[in-house]
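Engineer: Single-letter residue listing:
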Amino acid sequence: MEYFQYIGGMFSSMLRDPYIVALIFGGSVMGLLVGVIPGLTATMALALLINISYGMPLERAVAFLLAVYVGATSGGLCAAIMINIPGTPAAAATAIDGFQLAKQGKGGLAIGTGFIASFIGTLFSIFIMLTLTPVLYKLAMKFGHWETFLLALFGIMICGSLSTDKDPIKGWIVGFLGFALSMVGMEEIYAFPRFTFGSLQLKGGIPLIATLIGVFGISEVLGVLQESIPYKIEGKIGRIIPPLSVFKPLLPATIRSGIIGVIIGIVPGAGEDVGAWLSYDLGKRRSKEGHKFGTGSLEGVLCPEVANNAVIGGAMIPLLTLAIPGSPPAAMFLAAMNLHGVRPGPMLNIENPEFLPMVGAALICASCAMLFWGLLLAKPMVSVLKIKREILLPLVVPLTVIGAYGGGVRIFDVYLMLFAGVVGYLLRQMDYPLAPLVLGLILGPLADVSFRQALMQSRGSFIPLMQRPIGWILMLAIAWLVWSGVKRAVEYYGKQREAIKVG
Amino acid sequence: MRKLVLVAAALALAAAAFVGTADAKVWEKGTPTVYVGFGAGGGTDTAVRPLVVLMQKRLGETINVVNMPGASGAVAAEDVMGKPHDGYSLFATGSGCFGGYDVNDTSPNGLPWKWWGFHHIQGPAAFVVNPEKSGINTVDDLIKALQAGKASVGVSSLGAGIHAFVEAFAKAAGVTTPINYVTHGGDGKTCVAVMAGDVEVGSISFSAGVDYVKSGQLKALFLNRRDPLQLTDKVTIPPITSLGPQYSSIPDLAETWPVMIPRDAPKEIVDAVQEAFIWACQQKEMKDFAEQMGYEVITRYGEDADRVLDYQFCAYAWVLQDAGLAQKVNPKDHNIPRAEDWNWDSRKALYGYK
Numbered sequence: 127m128e129y130f131q132y133i134g135g136m137f138s139s140m141l142r143d144p145y146i147v148a149l150i151f152g153g154s155v156m157g158l159l160v161g162v163i164p165g166l167t168a169t170m171a172l173a174l175l176i177n178i179s180y181g182m183p184l185e186r187a188v189a190f191l192l193a194v195y196v197g198a199t200s201g202g203l204c205a206a207i208m209i210n211i212p213g214t215p216a217a218a219a220t221a222i223d224g225f226q227l228a229k230q231g232k233g234g235l236a237i238g239t240g241f242i243a244s245f246i247g248t249l250f251s252i253f254i255m256l257t258l259t260p261v262l263y264k265l266a267m268k269f270g271h272w273e274t275f276l277l278a279l280f281g282i283m284i285c286g287s288l289s290t291d292k293d294p295i296k297g298w299i300v301g302f303l304g305f306a307l308s309m310v311g312m313e314e315i316y317a318f319p320r321f322t323f324g325s326l327q328l329k330g331g332i333p334l335i336a337t338l339i340g341v342f343g344i345s346e347v348l349g350v351l352q353e354s355i356p357y358k359i360e361g362k363i364g365r366i367i368p369p370l371s372v373f374k375p376l377l378p379a380t381i382r383s384g385i386i387g388v389i390i391g392i393v394p395g396a397g398e399d400v401g402a403w404l405s406y407d408l409g410k411r412r413s414k415e416g417h418k419f420g421t422g423s424l425e426g427v428l429c430p431e432v433a434n435n436a437v438i439g440g441a442m443i444p445l446l447t448l449a450i451p452g453s454p455p456a457a458m459f460l461a462a463m464n465l466h467g468v469r470p471g472p473m474l475n476i477e478n479p480e481f482l483p484m485v486g487a488a489l490i491c492a493s494c495a496m497l498f499w500g501l502l503l504a505k506p507m508v509s510v511l512k513i514k515r516e517i518l519l520p521l522v523v524p525l526t527v528i529g530a531y532g533g534g535v536r537i538f539d540v541y542l543m544l545f546a547g548v549v550g551y552l553l554r555q556m557d558y559p560l561a562p563l564v565l566g567l568i569l570g571p572l573a574d575v576s577f578r579q580a581l582m583q584s585r586g587s588f589i590p591l592m593q594r595p596i597g598w599i600l601m602l603a604i605a606w607l608v609w610s611g612v613k614r615a616v617e618y619y620g621k622q623r624e625a626i627k628v629g
Numbered sequence: 000m001r002k003l004v005l006v007a008a009a010l011a012l013a014a015a016a017f018v019g020t021a022d023a024k025v026w027e028k029g030t031p032t033v034y035v036g037f038g039a040g041g042g043t044d045t046a047v048r049p050l051v052v053l054m055q056k057r058l059g060e061t062i063n064v065v066n067m068p069g070a071s072g073a074v075a076a077e078d079v080m081g082k083p084h085d086g087y088s089l090f091a092t093g094s095g096c097f098g099g100y101d102v103n104d105t106s107p108n109g110l111p112w113k114w115w116g117f118h119h120i121q122g123p124a125a126f127v128v129n130p131e132k133s134g135i136n137t138v139d140d141l142i143k144a145l146q147a148g149k150a151s152v153g154v155s156s157l158g159a160g161i162h163a164f165v166e167a168f169a170k171a172a173g174v175t176t177p178i179n180y181v182t183h184g185g186d187g188k189t190c191v192a193v194m195a196g197d198v199e200v201g202s203i204s205f206s207a208g209v210d211y212v213k214s215g216q217l218k219a220l221f222l223n224r225r226d227p228l229q230l231t232d233k234v235t236i237p238p239i240t241s242l243g244p245q246y247s248s249i250p251d252l253a254e255t256w257p258v259m260i261p262r263d264a265p266k267e268i269v270d271a272v273q274e275a276f277i278w279a280c281q282q283k284e285m286k287d288f289a290e291q292m293g294y295e296v297i298t299r300y301g302e303d304a305d306r307v308l309d310y311q312f313c314a315y316a317w318v319l320q321d322a323g324l325a326q327k328v329n330p331k332d333h334n335i336p337r338a339e340d341w342n343w344d345s346r347k348a349l350y351g352y353k
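So the protein lines, in turn, are chains A and B. Okay, so the first sequence: first residue is 127 according to the numbering used here, each after it adds one. Okay, so the second sequence: first residue is 0 according to the numbering used here, each after it adds one.
No lab work stands behind these hints: they were computed from the structure. Here the structure is a predicted model, which means the values were calculated and not measured. Just so you know, not all the hints are guaranteed correct.
Derived DEER-like restraints, expressed as beta-carbon distance ranges [what the hints assert, rightly or not]:
id, chain 1, residue 1, chain 2, residue 2, range
1, B, A195, A, L258, 33 to 41 Å
2, A, L502, B, R262, 36 to 44 Å
3, A, G467, B, K28, 33 to 41 Å
4, A, K613, B, T175, 19 to 27 Å
5, A, Q131, B, K286, 51 to 59 Å
6, A, S325, B, T30, 24 to 32 Å
7, B, Q273, A, G467, 39 to 47 Å
8, B, H333, A, Q352, 27 to 35 Å
9, A, F323, B, E302, 38 to 46 Å
Below, simulated DMTMM-like cross-link-like pairs (lysine to aspartate or glutamate); rule was C-alpha separation at most 20 Å, straight line [to be verified]:
id, chain 1, residue 1, chain 2, residue 2
10, A, K264, B, E274
11, B, K347, B, D303
12, B, K283, B, E295
13, B, K266, B, D303
14, B, K283, B, E267
15, B, K24, B, D104
16, B, K170, B, E339
17, B, K347, B, E274
18, B, K233, B, E274
19, B, K283, B, D303
20, B, K286, A, E477
21, B, K213, A, E313
22, B, K233, A, E313
23, B, K327, A, E415
24, B, K113, B, E267
25, B, K24, B, E302
26, A, K268, B, E302
27, B, K327, A, E477
28, B, K286, B, E274
29, A, K292, A, E477
30, A, K374, A, E313
Idealized CB from N, CA, C, for every residue including glycine.
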């Protein structure tokens with residue numbers, strides 16, 4: 127009880143400092159804008175702003191950086207819903223139902239639901255972080271290389287089977303294409319160049335952000351330009367905040383997604399995107415209205431958005447206790463804290479007992495600011511939907527170029543983005559989903575390196591790896607995914623054949 | 000009238016002089032950028048940023064920091080070397096990377112003698128164990144376990160200083176069994192793997208493990224430095240040289256994270272950077288940062304920096320070769336001596352460090 131009073135005291139002390147309030151609201155809107163622009167990510171924003179925060183007192187720096195982090199993680203949903211281009215990789219799952227809702231004229235409702243879900247997800251994870259950190263950090267230690275490999279593989283498989291309603295095998299093909307692309311470059315253990323053909327630029331690997339923008343952004347632009355009559359979104363914007371009656375039945379899904387997000391946050395390396403996809407999958411399977419997922423379901427927006435924001439609090443748990451960040455933006459936050467003389471790790475509670483409550487209070491303030499800006503800006507954002515898409519999307523192209531260049535400051539990345547756009551366009555034409563390609567690219571290196579590290583650890587033998595219980599749970603989950611996916615594909619092709627016969 | 004013209008001319012001259020003083024910037028045409036060869040939030044990034052921030056403060060000018068990861072910093076090294084050498088593009092990486100640039104041919108343009116280097120801090124390597132999980136409590140236990148092939152050694156990555164330290168230790172200790180390495184992609188992760196019992200020993204940059212040792216979750220067997228380190232009232236970590244005379248020849252390969260500028264960049268910019276660097280290293284903020292991270296402020300530049308980096312470059316190149324990780328070039332073919340044969344005067348004469 128005393129502990130929560132302490133957090134309450136920290137919270138009110140932050141709110142009494144007008145400078146901190148301004149930093150939180152400023153940081154939050156800055157983060158939201160970064161999240162909205164495809165290609166600009168929370169990691170990038172934090173990297174740029176660390177130097178600014180260095181001159182601030184610790185409390186202000188923490189509040190400012192966390193506001194940017196929460197804002198950028200949440201902002202990605204806007205572009206996903208409005209133009210079907212996820213602002214950040216973490217929002218790719220949101221695009222599935224969000225964009226369908228936008229096409230149905232419910233873009234405002236989708237954005238409102240998304241921001242409220244993000245708010246709830248962040249708050250949920252803060253609560254878990256503040257209460258269960260001493261217990262949960264041990265979970266991070268249970269995840270060795272073998273479990274990390276299996277989780278990464280599971281992430282690619284699940285995304286592959288989810289992003290298409292018809293044939294999961296197509297999703298897996300694209301997922302493993304992304305995996306294969308991630309093998310290009312100098313591999314991380316022996317620094318051996320793979321598939322680089324002597325090119326220094328390729329030695330640096332296939333850049334994730336440029337590929338993400340290419341396959342989602344450029345391919346969408348090409349698709350719209352090809353259409354003789356691009357679809358239009360007409361009518362009133364409608365309500366932004368959904369009625370409470372909409373949320374009540376979604377409570378179990380919210381709690382479930384929050385738990386998934388926190389757990390994925392705790393596991394080093396997995397990140398917001400895996401949390402979002404896993405939550406979307408379980409939502410689809412467990413919901414009474416799971417069949418509506420993919421056709422414009424509010425629950426389909428809520429599940430990934432609760433989860434990707436809940437990763438924030440989850441990622442803070444290993445960061446604060448073991449100094450191991452659970453996600454790339456958390457790594458940036460760790461670097462910032464090191465600069466401020468705070469050393470997260472086992473001595474944190476002894477040397478800086480006020481730090482955890484400070485992070486908790488700052489995250490609560492940051493989520494409130496994010497919700498405020500999100501709901502305030504939702505209407506103007508939705509009006510963007512009314513601009514003719516053949517005009518809007520070409521305007522997006524310069525932004526995509528900035529986003530691609532900003533990631534690695536290489537012109538090579540811009541060329542690669544354009545190439546990825548053409549590949550994405552061709553895949554769309556052939557009815558292949560695009561999200562697994564990006565997730566394969568994100569998780570491929572993690573899966574590859576973890577697998578080989580696990581074998582290094584077991585001296586080349588699989589037997590010691592079979593003695594790890596979490597590994598077994600993940601292997602069974604993957605086997606089940608394969609089984610249910612193949613079954614779905616067989617059914618789909620069976621129906622196709624029947625239709626051809628009847629036809 | 001004439002007086003008026005003279006006064007006006009004098010005023011104009013004074014104004015020009017004033018403007019000239021106000022505009023006396025080091026980088027007049029724009030903002031310089033430090034390209035960090037590793038990702039945002041990583042060890043190199045974290046080590047370099049405080050230096051850049053303090054240099055900015057001294058010079059009163061913004062210095063951008065851009066992360067350009069890839070090929071252990073080689074992508075950034077080649078990029079900076081490929082840009083005009085006008086002093087606007089600087090490079091930052093870990094000192095352990097340069098050997099790989101040569102023997103793996105990843106950055107033929109980024110070799111040590113092509114840069115001026117400014118090294119602000121260094122971190123000693125340490126061997127850490129979890130006696131409860133591994134049964135290793137002393138250096139003798141460690142040597143026996145390594146010789147019996149019963150201990151895997153966790154390292155952040157292969158080919159860097161901490162890897163070199165293990166090889167050097169094993170050689171001095173007479174361990175003949177090949178070491179089984181497990182990489183973890185970061186020293187913090189190596190510490191967690193040792194705590195969890197996934198590997199028996201960790202060779203780490205001590206800054207990453209200092210808190211685990213303080214809190215009693217890990218035990219540091221020794222450090223790669225010449226003096227003991229009293230961490231707390233109860234914990235003093237011995238230097239490797241105290242273990243016996245056979246260890247005194249182990250090279251001091253403590254990693255540094257220099258900011259570098261092409262050697263042929265304009266002298267006035269190099270001088271200004273050097274002056275700001277020296278000032279930054281003297282600041283309390285830098286000392287505090289180093290202390291809390293377990294680093295040591297070294298303020299190494301000029302010939303001193305060239306000498307130490309060249310020594311590390313040679314030593315790492317041979318570690319890569321001996322571990323079978325030199326993919327393109329045998330160090331011998333590039334006249335790179337082993338650490339025990341290294342001589343600064345002959346290296347200087349060969350590569351013309353100036």
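Engineer: With reference to the structure, classify each hint as holding or not holding.
Structural biologist: To see whether the hints hold, each was checked on the structure:
no., hint, verdict
1, B:A195 / A:L258: 33 to 41 Å, "violated (19 Å)"
2, A:L502 / B:R262: 36 to 44 Å, "violated (54 Å)"
3, A:G467 / B:K28: 33 to 41 Å, "holds (35 Å)"
4, A:K613 / B:T175: 19 to 27 Å, "violated (55 Å)"
5, A:Q131 / B:K286: 51 to 59 Å, "violated (37 Å)"
6, A:S325 / B:T30: 24 to 32 Å, "holds (29 Å)"
7, B:Q273 / A:G467: 39 to 47 Å, "violated (26 Å)"
8, B:H333 / A:Q352: 27 to 35 Å, "violated (54 Å)"
9, A:F323 / B:E302: 38 to 46 Å, "holds (40 Å)"
10, A:K264 / B:E274, "violated (47 Å)"
11, B:K347 / B:D303, "holds (12 Å)"
12, B:K283 / B:E295, "holds (13 Å)"
13, B:K266 / B:D303, "holds (18 Å)"
14, B:K283 / B:E267, "violated (27 Å)"
15, B:K24 / B:D104, "violated (37 Å)"
16, B:K170 / B:E339, "holds (13 Å)"
17, B:K347 / B:E274, "violated (24 Å)"
18, B:K233 / B:E274, "violated (41 Å)"
19, B:K283 / B:D303, "violated (23 Å)"
20, B:K286 / A:E477, "holds (18 Å)"
21, B:K213 / A:E313, "violated (35 Å)"
22, B:K233 / A:E313, "violated (42 Å)"
23, B:K327 / A:E415, "violated (59 Å)"
24, B:K113 / B:E267, "holds (18 Å)"
25, B:K24 / B:E302, "violated (27 Å)"
26, A:K268 / B:E302, "violated (48 Å)"
27, B:K327 / A:E477, "violated (48 Å)"
28, B:K286 / B:E274, "holds (18 Å)"
29, A:K292 / A:E477, "violated (55 Å)"
30, A:K374 / A:E313, "violated (48 Å)"
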